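Student: Sequence:
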Amino acid sequence: MMVEEQLVVLQLAGETYGIDISCVQEIIRMQPVTRVPRTPQFVEGVINLRGRIIPVIDLRKRFGLPLAEATGSSRIMVVEVGAVVVGLIVDSVSEVLRLPQENIEPTPPIVSGVDTAYLRGVGKWNDRLVILLDVAKVLRESEYRELMAEQGSFEKAV
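Just so you know, numbering that gives the first Met the number 0 puts 88 at position 89 of the sequence shown, and the rest follows in order with no gaps.
To be clear, the hints were calculated from the coordinates, so they are not data collected in a lab.
Any given hint could be a false lead.
Below 20 Å or equal to it, Euclidean Cα-Cα: the simulated EDC-like pairs (lysine to aspartate or glutamate) are [claimed, not checked]:
{"no.": "1", "residue 1": "K123", "residue 2": "D19"}
{"no.": "2", "residue 1": "K60", "residue 2": "D133"}
{"no.": "3", "residue 1": "K123", "residue 2": "E145"}
{"no.": "4", "residue 1": "K60", "residue 2": "E142"}
{"no.": "5", "residue 1": "K123", "residue 2": "E142"}
{"no.": "6", "residue 1": "K60", "residue 2": "E145"}
{"no.": "7", "residue 1": "K60", "residue 2": "E4"}
{"no.": "8", "residue 1": "K123", "residue 2": "E3"}
{"no.": "9", "residue 1": "K60", "residue 2": "E14"}
{"no.": "10", "residue 1": "K123", "residue 2": "E25"}
{"no.": "11", "residue 1": "K136", "residue 2": "E104"}
{"no.": "12", "residue 1": "K60", "residue 2": "E101"}
{"no.": "13", "residue 1": "K123", "residue 2": "E94"}
{"no.": "14", "residue 1": "K123", "residue 2": "E4"}
{"no.": "15", "residue 1": "K123", "residue 2": "E101"}
{"no.": "16", "residue 1": "K123", "residue 2": "D133"}
{"no.": "17", "residue 1": "K136", "residue 2": "E14"}
{"no.": "18", "residue 1": "K123", "residue 2": "E14"}
{"no.": "19", "residue 1": "K136", "residue 2": "E4"}
{"no.": "20", "residue 1": "K136", "residue 2": "E79"}
Just the calculated beta-carbon pair ranges, DEER-fashion [what the hints assert, rightly or not]:
{"no.": "21", "residue 1": "S72", "residue 2": "Q5", "range": "32 to 38 Å"}
{"no.": "22", "residue 1": "R51", "residue 2": "M1", "range": "33 to 39 Å"}
{"no.": "23", "residue 1": "M1", "residue 2": "G63", "range": "35 to 41 Å"}
{"no.": "24", "residue 1": "I20", "residue 2": "L66", "range": "25 to 31 Å"}
In this text, all values refer to a predicted model and were calculated from it rather than measured experimentally.
Note that CB positions come from ideal geometry on N, CA and C, so glycine has one too.
Generate coordinates for the entire structure from the input sequences, incorporating the hints supplied.
Tutor: And the structure:
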């Protein structure tokens, strides 16, 4: 039996990335983000999603990629990582694909200028490469704790 992974495919700075669909709660249109003082630079701020306050991370900033203005196709992917729900700002979301595990290889040393610590491999899909993001590594343990501790001040900010 062929083992497959289901991935949500997104674009960021001209590259194609995939996130395991089981981490993704929902994908929403870009919306105003409330800045919160004293948060890490890559934390854009927070949004109020149906009464839940969610920190929003700009993946371009997090990965040290060139910054870009949000466009009509920009999205916030709401993902669950451990006990934390965060929004990830991405350039666009294109599809959900099923990728056979045999098409996934370890991350090569140099890929797309993104620190390989954030990646869990590269998938081949037709004639495209999909860089597999490890959502759990987008934040370090200490940063998660910081965000959890900040949850109270996030709620005051909104």
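Student: Next, verify each hint and record whether it holds.
Tutor: Cross-check of the supplied hints:
no. : hint                    : result
1   : K123 <-> D19            : holds, 15 Å
2   : K60 <-> D133            : holds, 16 Å
3   : K123 <-> E145           : violated, 36 Å
4   : K60 <-> E142            : holds, 15 Å
5   : K123 <-> E142           : violated, 32 Å
6   : K60 <-> E145            : holds, 18 Å
7   : K60 <-> E4              : violated, 27 Å
8   : K123 <-> E3             : holds, 12 Å
9   : K60 <-> E14             : holds, 15 Å
10  : K123 <-> E25            : violated, 25 Å
11  : K136 <-> E104           : holds, 18 Å
12  : K60 <-> E101            : violated, 32 Å
13  : K123 <-> E94            : holds, 15 Å
14  : K123 <-> E4             : holds, 12 Å
15  : K123 <-> E101           : holds, 9 Å
16  : K123 <-> D133           : holds, 17 Å
17  : K136 <-> E14            : holds, 19 Å
18  : K123 <-> E14            : holds, 13 Å
19  : K136 <-> E4             : holds, 18 Å
20  : K136 <-> E79            : holds, 12 Å
21  : S72 <-> Q5: 32 to 38 Å  : violated, 22 Å
22  : R51 <-> M1: 33 to 39 Å  : holds, 37 Å
23  : M1 <-> G63: 35 to 41 Å  : holds, 36 Å
24  : I20 <-> L66: 25 to 31 Å : holds, 28 Å
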